[in-house]
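J.: As a plain string of letters, each chain reads:
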Amino acid sequence: MATTSFRKAKRLLSLGIGTVGLVLALGVILLAIVGPFVAPHSPLDFAGAPYQPAGDGLLLGADSLGRDVFSRLLAGGSGILALAAVATIMGVLAGAIMGVAAGYLKGAFDELVMRVLDVAMAFPQTILALLFVSIVGPAPWLIALMVGVIHAPQVARVARSASLKVADADFVLFAETTGASSWKIMTREILPNIFDPLLVELGLRFTYSIALIAGLSFLGFGQQPPTPDWGLMINENRIGMAQNPWAVLAPIALIAVLTIGMNLFTDAVSRLTRARSAELNEAEPQSQALDLSSAGSAR
Amino acid sequence: MDWYKDSVYARLVVRRAILGVLTLFLVSLVVFSATQLLPGDTARAVLGRSATPERLEALRAQLHLDDPAILQFARWAGGLLSGDPGISLVNGKPVAELIGPRISNSLVLLGLVGLFGIPPSILLGIYAALRRGRRSDSSVSVVALALAAAPEFVIAIGLILLFSTVVFQWLPPVSMIRPGMSILDRPDILVLPVLTLSLVCFPYIFRMMRASMIEVLESDYMEMAKLKGLSPARLVFLHGLPNAIAPTVQVIALTFAYLAGGVVVVEYVFAFPGIGQGLINAIATRDIPTIQCIVLALAGFYVAVNILADVIVVSVTPRLRARAWQKP
Chain H
1 MATTSFRKAK
11 RLLSLGIGTV
21 GLVLALGVIL
31 LAIVGPFVAP
41 HSPLDFAGAP
51 YQPAGDGLLL
61 GADSLGRDVF
71 SRLLAGGSGI
81 LALAAVATIM
91 GVLAGAIMGV
101 AAGYLKGAFD
111 ELVMRVLDVA
121 MAFPQTILAL
131 LFVSIVGPAP
141 WLIALMVGVI
151 HAPQVARVAR
161 SASLKVADAD
171 FVLFAETTGA
181 SSWKIMTREI
191 LPNIFDPLLV
201 ELGLRFTYSI
211 ALIAGLSFLG
221 FGQQPPTPDW
231 GLMINENRIG
241 MAQNPWAVLA
251 PIALIAVLTI
261 GMNLFTDAVS
271 RLTRARSAEL
281 NEAEPQSQAL
291 DLSSAGSAR
Chain S
1001 MDWYKDSVYA
1011 RLVVRRAILG
1021 VLTLFLVSLV
1031 VFSATQLLPG
1041 DTARAVLGRS
1051 ATPERLEALR
1061 AQLHLDDPAI
1071 LQFARWAGGL
1081 LSGDPGISLV
1091 NGKPVAELIG
1101 PRISNSLVLL
1111 GLVGLFGIPP
1121 SILLGIYAAL
1131 RRGRRSDSSV
1141 SVVALALAAA
1151 PEFVIAIGLI
1161 LLFSTVVFQW
1171 LPPVSMIRPG
1181 MSILDRPDIL
1191 VLPVLTLSLV
1201 CFPYIFRMMR
1211 ASMIEVLESD
1221 YMEMAKLKGL
1231 SPARLVFLHG
1241 LPNAIAPTVQ
1251 VIALTFAYLA
1261 GGVVVVEYVF
1271 AFPGIGQGLI
1281 NAIATRDIPT
1291 IQCIVLALAG
1301 FYVAVNILAD
1311 VIVVSVTPRL
1321 RARAWQKP
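Residue numbers (the numbering used here), protein chains in the order written: chain H, 1 to 299; chain S, 1001 to 1328.
So that you can see chain S by itself, here it is in the shape it has in the complex (with noise of 0.2 Å):
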């Protein structure tokens, strides 16, 4: 164990991610004991009031709804920990088969999103901090500000009328395709996803590269590589960035937590056929199992993305890197 014992580091990632398993099983019972809140008869909420008796005894049967709370609980939880997280009621089909398409498809997204929105809100942030003051600087902060209290369907709805139905038609409105296609054949397709998406998350990390690179070039060895003739790009890039990049790091990871809820409504509004998409339609049909495996995974993306954003705080700022590797 002198790996644990020397390293703060690795003490960190432990700590967090017995924190992170001991929160999804209070997510997982919190998600099972709300879906025991169905008004009244659980099967009968499912099925509605035409259901004959037969098919209500059936589904009481598949669902084990006569055993006991914990016993069912109990069953649920184990079948998901050895990955088989149930029936689908709609379609009789695995709901790990029914989403895992689905999740792939919205970590594309997010991969885009990653890979298109992130790189240009970095380099807006340092532009705005290099222009602190000026009419350029407050105009980009007050269009962070405004993207930040804009709902995200407002954002979504508001582009799909000026790309593609009002003003102009370049881009498809919903991101449906045929059963069997990639989204990767249709990149038109996964245009306005992203690019809704990238905007919801471009005002908080817009804000803290330009607080963190204010800070970093209002600081002497700043002044002192200004003085010492570096050209203003190495200046920013090679000095300035490095030092100013570690809060905004984090602040992205917690911006893609935070996009587990938002990616239900967005791609709700582009009918994408993601893991958001999935969980409303699931509601829609109350396929009481997809529902609580598609909350899970959401939460379980909430949760590691929260440790790996406390994980990336240690390993990017010095200061704390250094520590973590002291003996103590």
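Bound conformation, chain H alone (with noise of 0.2 Å):
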């Protein structure tokens, strides 16, 4: 067991590009949860003069208000990665029940999930989720379920067409045999089979979940003033963006890092265990092709 771990392990760090995203993303997750409790200051108190530049024992200047830059950066970014971990976390799991369920039980029940499916996939989610969030007002338990339900759509595709490969494995048929329970086949027979589709996915949905709810506190419909949090910061700091530049630079880079280093080991990953299923059964290979389906309308 120790030695495939470890092989597993060593193959990821193989993976070149994807290891420098894997290992960029980790630092800004680091950064946003020990974050708030090395910051110099209070990430609300005034320690300078507004848009003050960088210097003066501020490390990356004061913002619109005076605040200290540097201790709303540390602060800020909890909130947004606890909010996409809940949505990634509710939308992949109601998109597995979905898809293993509608590969396994086929027949009518398949039916039925797709047409949903196809419904929810016709409506334009993201404007929908904007909808909802502007009129029922920015509460964190109505961002984290819009988000999930925007994913659950696709991740339901995923894991159907990957179990609909598996549900006629004969381990599955041995199964069926000894007379165990659809249930129980689902969860110990098809769900560790189609473990690599669904990792993928969740790295996936997380990088659009970072995407979409800090595009939402950037429009003002996430967390409020004069809570820390990237997306408000760069939207509060932009005037100012000429006196002191890193009031914006600094939470878009760190946005920008968490999101593309996240998509750069995902897409590594993905390489990776689309060659390894590729090697195992010398099934039909999946499509290169960039699964847009997802990437659109995710967000």
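Simulated from the structure, these hints should not be mistaken for laboratory data.
Positions of the beta carbon are idealized from the N, C-alpha and C atoms, including for glycine.
Among the clues, some could well be false.
Derived Cβ-Cβ restraints for the label pairs, each shown as a range [claimed, not checked]:
(1) H:Ala120 x S:Arg1178: 40 to 46 Å
(2) S:Ser1138 x H:Leu26: 20 to 26 Å
(3) S:Glu1057 x H:Leu26: 57 to 63 Å
(4) H:Gly107 x S:Ala1074: 35 to 41 Å
(5) H:Glu279 x S:Ser1136: 27 to 33 Å
(6) S:Phe1032 x H:Phe109: 28 to 34 Å
Fit chain to chain and form the complex, with the hints in mind.
T.: Printed below as a string of structure tokens:
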């Protein structure tokens, strides 16, 4: 066991640019988690003049109200990350349940799920999410729910097609002859065997969750002032970009590094798992083409 | 009805159109019920806490808030169908008059993206396919992955930092115009929004073009054409491209459908007087008739372009097209 996980880790490290992406993303996540505890100032206290340039005790200068940009930066990521994590887990879980059930049970249930998904994907989901959040108000539960709902149909499609491939495998047929329940077969036999594509989905969904949630808070539909939040900081300090660019540049850079790093890593993992599955069962290699359906409507 | 029976093509269009109308009906139901979700009294939520009883009463009468919800929906949907989406709550002007110019501004934006953003993406896809596996290919691919991941507002603000404030001051950071002016009078305000949206579209189009071009380049007929001694340009553009373009055209259409959401953020960043910025403004002022109308317009665009994507796939895929014209 130890050797296989070691081998797995080694293979992950050999991903080149994917490793770089992982390290970058983990760095930003670490900064967002540890940041609030090591910030030199309170993110809400005034530490200097408005848009005071960097230097003079303030590493990245001051923001529109004279608060320390560096401290707000350290404190402003955890909200986005937590919300993105919750939304991603909800969406992937719901999608996986729907997809595995549709792919294994087939028949009328499959048909029903697929038609519902078609309708869901025909909706301009991002716009509707914006509508709901703007009307009900920027409640965190609503944002997480909306983003999760956007993800679920895409994940369900991937989970369904992956399940269809293993639904007729010998080990599933064997489990059926031993009288195992459908639930047991889906959780014990199917799920472990579609783990790879689900893992890739998890990475993709997390990236899009961050992009969506940061975008909402940039538009003012996320955390409300004076809470430190990367998306909000960018919008608050836009006017003073010429005086203290750091107040905008730093949160922009962190969001960019996080999302880009995650995507580079996920892409490398997906290429790896695809190559492995092609190697293992010589099944028709999945199209190398970009998964636009997920990329597009997710955001 | 012979044309209908004869052509899979026509059948596809009709079926997709019916589905599209159905989707739009569902979207309008959702949009309508969403605005019913306003916490508490809708009139008070719109006017705020300091509103006088007279104004509340007037607004209730204007929005017919005391009628049953079904009747309200029927009246609203009927108004939309007859081209009258109602009156703005903010300045009392007809909503259609307010968003008409915004729609055309946004369409100009999207048109320019199609004109200046799409061809370079296609050409880069072909270039990367020709140089597949080499360093230039993998570096463009990494750039595409990065652009696909970065949120639109990050790209937009990044461009503003680069071209209009900190590094260079070449272009205006906002795309505002004086009332009565056309956006076409100020081409400089269009550059950054068009560039942003083009960069947003680039990764999807590039990757699809690259993938399908690689597939075509490895085919037997391309080998044959090469053996015939055709020039590389002729090989790629006359023999390769027509066979490789179909999936890319579909992706282009889907990308534009996706931009129905993307324009909201990008127009907001640049204060571009389009429909997306109109939506954000309407939300800020709780102008419900305008919100409803803009969301439906964006949804209509989304649905229409999706149908177009399906139709395009059939018409540019020789195999499907042949089937479409065959008699059953």
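J.: Evaluate each hint against the coordinates.
T.: Going through the hints against the structure:
no.	hint	verdict
1	H:Ala120 x S:Arg1178: 40 to 46 Å	43 Å, holds
2	S:Ser1138 x H:Leu26: 20 to 26 Å	23 Å, holds
3	S:Glu1057 x H:Leu26: 57 to 63 Å	58 Å, holds
4	H:Gly107 x S:Ala1074: 35 to 41 Å	38 Å, holds
5	H:Glu279 x S:Ser1136: 27 to 33 Å	28 Å, holds
6	S:Phe1032 x H:Phe109: 28 to 34 Å	31 Å, holds
Every hint, counting from the list given before, is met by this structure.
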